[in-house]
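First to last, the sequence lines map onto chains Y and P. Using this note's numbering, you'd call the opening residue of the first sequence number 1 and step up by one each time. Using this note's numbering, you'd call the opening residue of the second sequence number 1 and step up by one each time.
There's no promise every hint is true.
Unchecked claim - Calculated lysine to any residue pairs in the SDA-like style (CA-CA distance at most 25 Å, straight line):
| hint | chain 1 | residue 1 | chain 2 | residue 2 |
| --- | --- | --- | --- | --- |
| 1 | P | Lys130 | Y | Asp178 |
| 2 | Y | Lys69 | P | Phe92 |
| 3 | P | Lys168 | Y | Arg21 |
| 4 | Y | Lys177 | Y | Lys69 |
| 5 | Y | Lys177 | P | Met169 |
| 6 | Y | Lys9 | Y | Gly168 |
| 7 | P | Lys122 | P | Leu255 |
| 8 | P | Lys38 | Y | Arg91 |
| 9 | Y | Lys9 | P | Lys168 |
| 10 | P | Lys38 | Y | Ser87 |
| 11 | P | Lys168 | Y | Lys30 |
| 12 | P | Lys38 | Y | Glu32 |
| 13 | P | Lys217 | P | Arg251 |
| 14 | P | Lys116 | P | Lys21 |
| 15 | P | Lys21 | Y | Gly168 |
| 16 | P | Lys130 | P | Met120 |
| 17 | P | Lys174 | P | Ile220 |
| 18 | Y | Lys30 | P | Met120 |
| 19 | P | Lys122 | Y | Ser87 |
| 20 | Y | Lys210 | Y | Arg21 |
| 21 | P | Lys122 | P | Ile220 |
| 22 | P | Lys21 | P | Gln9 |
| 23 | Y | Lys103 | P | Phe92 |
| 24 | P | Lys168 | Y | Pro83 |
| 25 | Y | Lys30 | P | Gly25 |
| 26 | Y | Lys30 | Y | Gln224 |
| 27 | Y | Lys9 | Y | Gln224 |
As the list claims (entries may be wrong) - Pulled from the structure, derived: some chain Y residues nowhere near chain P, Cβ distances all over 10 Å:
| hint | residue |
| --- | --- |
| 28 | Leu53 |
| 29 | Glu116 |
| 30 | Glu128 |
Stated by the list, open to error - Looking from chain P toward chain Y, a few residues come up when the C-beta cut is under 8 Å (computed):
| hint | residue |
| --- | --- |
| 31 | Glu30 |
| 32 | Lys38 |
| 33 | Ser42 |
| 34 | Gly66 |
| 35 | Glu83 |
| 36 | Tyr135 |
| 37 | Asp144 |
| 38 | Gln237 |
What the hints contain is simulated information worked out from the structure, not anything from laboratory work. Note that the structure is a prediction, hence the values are computed from the model and not measured. The beta-carbon is built from N, C-alpha and C at its ideal position, and this holds for glycine as well.
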Amino acid sequence: MGDTEKKVKLIDSDGRRNDGRMPHELRPVKIEAGVLHRADGSAYVEWGGNKVLAAVYGPREAHPRHLQKPTRALVQCRYNMAPFSVSDRKRPGPDRRSNEISKVISEAFSSVIFLEQFPRTSVDVYMEVLQAEAGTRCAAITAASVAIADAGVPMRDLVVGCASGKVGGVVCLDLNKDEDNFGEADVPMAVVPRTGQIVLLQMDGHLTAKEFDQAMAYSLGAAQQIYELQKDALRRRYSVSLEEFRAKEATASPEPEEEPKYDVYHDDQPGVAE
Amino acid sequence: MNETVAELQRDRIVKLLAAGKRIDGRRADEPRPLSVQKGVISTAEGSARVHLGRTDVLVGVKIGLGEPFPDTPNSGVLTTSAELPPMASPTFETGPPSPTAVEIARVVDRGIRESKAIDMAKLCIVPGEKVWVLYIDIHALDFDGNLLDAASYGAMAALTTATLPGTKMGGEDKPLPVECVPISITCAKIGEHLLVDPCLDEERIAEARLTVTTDEKGAIRAMQKGLNGSFRFDEVQRVIGLSAAVGKGIREIILK
Numbered sequence: 001m002g003d004t005e006k007k008v009k010l011i012d013s014d015g016r017r018n019d020g021r022m023p024h025e026l027r028p029v030k031i032e033a034g035v036l037h038r039a040d041g042s043a044y045v046e047w048g049g050n051k052v053l054a055a056v057y058g059p060r061e062a063h064p065r066h067l068q069k070p071t072r073a074l075v076q077c078r079y080n081m082a083p084f085s086v087s088d089r090k091r092p093g094p095d096r097r098s099n100e101i102s103k104v105i106s107e108a109f110s111s112v113i114f115l116e117q118f119p120r121t122s123v124d125v126y127m128e129v130l131q132a133e134a135g136t137r138c139a140a141i142t143a144a145s146v147a148i149a150d151a152g153v154p155m156r157d158l159v160v161g162c163a164s165g166k167v168g169g170v171v172c173l174d175l176n177k178d179e180d181n182f183g184e185a186d187v188p189m190a191v192v193p194r195t196g197q198i199v200l201l202q203m204d205g206h207l208t209a210k211e212f213d214q215a216m217a218y219s220l221g222a223a224q225q226i227y228e229l230q231k232d233a234l235r236r237r238y239s240v241s242l243e244e245f246r247a248k249e250a251t252a253s254p255e256p257e258e259e260p261k262y263d264v265y266h267d268d269q270p271g272v273a274e
Numbered sequence: 001m002n003e004t005v006a007e008l009q010r011d012r013i014v015k016l017l018a019a020g021k022r023i024d025g026r027r028a029d030e031p032r033p034l035s036v037q038k039g040v041i042s043t044a045e046g047s048a049r050v051h052l053g054r055t056d057v058l059v060g061v062k063i064g065l066g067e068p069f070p071d072t073p074n075s076g077v078l079t080t081s082a083e084l085p086p087m088a089s090p091t092f093e094t095g096p097p098s099p100t101a102v103e104i105a106r107v108v109d110r111g112i113r114e115s116k117a118i119d120m121a122k123l124c125i126v127p128g129e130k131v132w133v134l135y136i137d138i139h140a141l142d143f144d145g146n147l148l149d150a151a152s153y154g155a156m157a158a159l160t161t162a163t164l165p166g167t168k169m170g171g172e173d174k175p176l177p178v179e180c181v182p183i184s185i186t187c188a189k190i191g192e193h194l195l196v197d198p199c200l201d202e203e204r205i206a207e208a209r210l211t212v213t214t215d216e217k218g219a220i221r222a223m224q225k226g227l228n229g230s231f232r233f234d235e236v237q238r239v240i241g242l243s244a245a246v247g248k249g250i251r252e253i254i255l256k
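Let the hints inform the model, and build the full structure from the sequences given.
Here it is in structure tokens:
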């Protein structure tokens, strides 16, 4: 973890953190599904100061060909940070950090997607961090999982990313940037909320076994909250309210009284052969 | 970029054009609806998200301190790059910047540099030693044709919101001085037709394209001809006329 020599007051006398949260509190999370037109599935997540976009293509033919698995699909994730997403410009393109994150996220999703249904294909998951403020990989996993569902790729459950850590001697949920830089430990993880399976786990810093248990308890609890937000985003994307449905029913007359209007996209026009 | 289009779709576009119509119902000189959201990224000194129809581009401007180039000791440094991540289209691939990405970055850069939209002399702090360094990073999010214009509008919109972070050297933050707003207009040529702001299907079957960047006075500041086909001189003149005329409306939206 960062420079612990530097004196930064991370927990005040009331036990509040430098952004006013209590140790067990999440930053505000907003999720939206189906935000891109070209991708097969997509999602956007704002999580504190993080802004992450995820897009899914596939299952489609796996490239390069030699990677194809004859019995199952591949999951190829790419985590990428936009050059302007951090305070000092990041050089565009993958680096060791983003390659590693891409790898562990691919592995996390491989355990939940029904890969055996799509041999020789690839499910390609692209995550772009547009604005970063600690916890980008968890936000990226959370977004990617909604995007995979939006793409209609069958999976056992959504996956939720969440992190906990230790700050100023106190175990805290969902570290912000200062806490990440000056805290003592960070434990990002991803969980399958329905079963409690942990599909991604990383840790750096210094924790006792007891503190680790507390951190995991915080993350697992928060995962249920985020899971609800994910499902809500998907419902908002796909549900039709009863009012809307009735309005549609009312306007749709059983027999069209006049010829449907010419539509450049769908209808033939006299003289324009298909 | 390996975009393919069904022969049926090609025939339909061509036949509609013969009847004076475009596939999405626009007039030949009508760009798609443009929307600009400014200041969307707080980690950038300037930013803008641009939707040109369904084409979606995010542009961030990062401003830092650096050294000038030895041959221009009295001016700041401007670097433009474009990323076409595989998120934006099934035809975009990972890896080093594609020739398309490099072309987009260079054409946007040229429009801004040659119109002197940013007075580079004002970005000099200590001649030969310390200057402001501007990075314009174009990030494509959703590709539905004509990334070039969307990127260029995004770059200008982001620059108009950018702040010189004077606090980085003990001074005060102040807005980046933007001297003028050059606007690029791209026309695709399909047969005898010149179409402003081609959508993806039009772009895929275009024989040639021409981008003309004009300033407030209608003067030409940058040009780029692309694809395998060719233009006659009178067609080039028409595109220039279209650029100045259509650019006006676009400039108003960007400055709003």
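Tested hints:
no.	hint	result
1	P:Lys130 - Y:Asp178	violated, 30 Å
2	Y:Lys69 - P:Phe92	holds, 23 Å
3	P:Lys168 - Y:Arg21	violated, 29 Å
4	Y:Lys177 - Y:Lys69	violated, 40 Å
5	Y:Lys177 - P:Met169	holds, 23 Å
6	Y:Lys9 - Y:Gly168	holds, 8 Å
7	P:Lys122 - P:Leu255	holds, 21 Å
8	P:Lys38 - Y:Arg91	holds, 23 Å
9	Y:Lys9 - P:Lys168	holds, 23 Å
10	P:Lys38 - Y:Ser87	holds, 18 Å
11	P:Lys168 - Y:Lys30	violated, 32 Å
12	P:Lys38 - Y:Glu32	holds, 20 Å
13	P:Lys217 - P:Arg251	holds, 12 Å
14	P:Lys116 - P:Lys21	violated, 38 Å
15	P:Lys21 - Y:Gly168	violated, 67 Å
16	P:Lys130 - P:Met120	holds, 13 Å
17	P:Lys174 - P:Ile220	violated, 30 Å
18	Y:Lys30 - P:Met120	violated, 40 Å
19	P:Lys122 - Y:Ser87	holds, 23 Å
20	Y:Lys210 - Y:Arg21	holds, 22 Å
21	P:Lys122 - P:Ile220	holds, 24 Å
22	P:Lys21 - P:Gln9	holds, 14 Å
23	Y:Lys103 - P:Phe92	holds, 20 Å
24	P:Lys168 - Y:Pro83	holds, 19 Å
25	Y:Lys30 - P:Gly25	violated, 36 Å
26	Y:Lys30 - Y:Gln224	holds, 15 Å
27	Y:Lys9 - Y:Gln224	violated, 30 Å
28	Leu53	violated, 6 Å
29	Glu116	holds, 24 Å
30	Glu128	violated, 6 Å
31	Glu30	violated, 14 Å
32	Lys38	violated, 14 Å
33	Ser42	holds, 6 Å
34	Gly66	violated, 11 Å
35	Glu83	holds, 5 Å
36	Tyr135	holds, 5 Å
37	Asp144	holds, 6 Å
38	Gln237	violated, 30 Å
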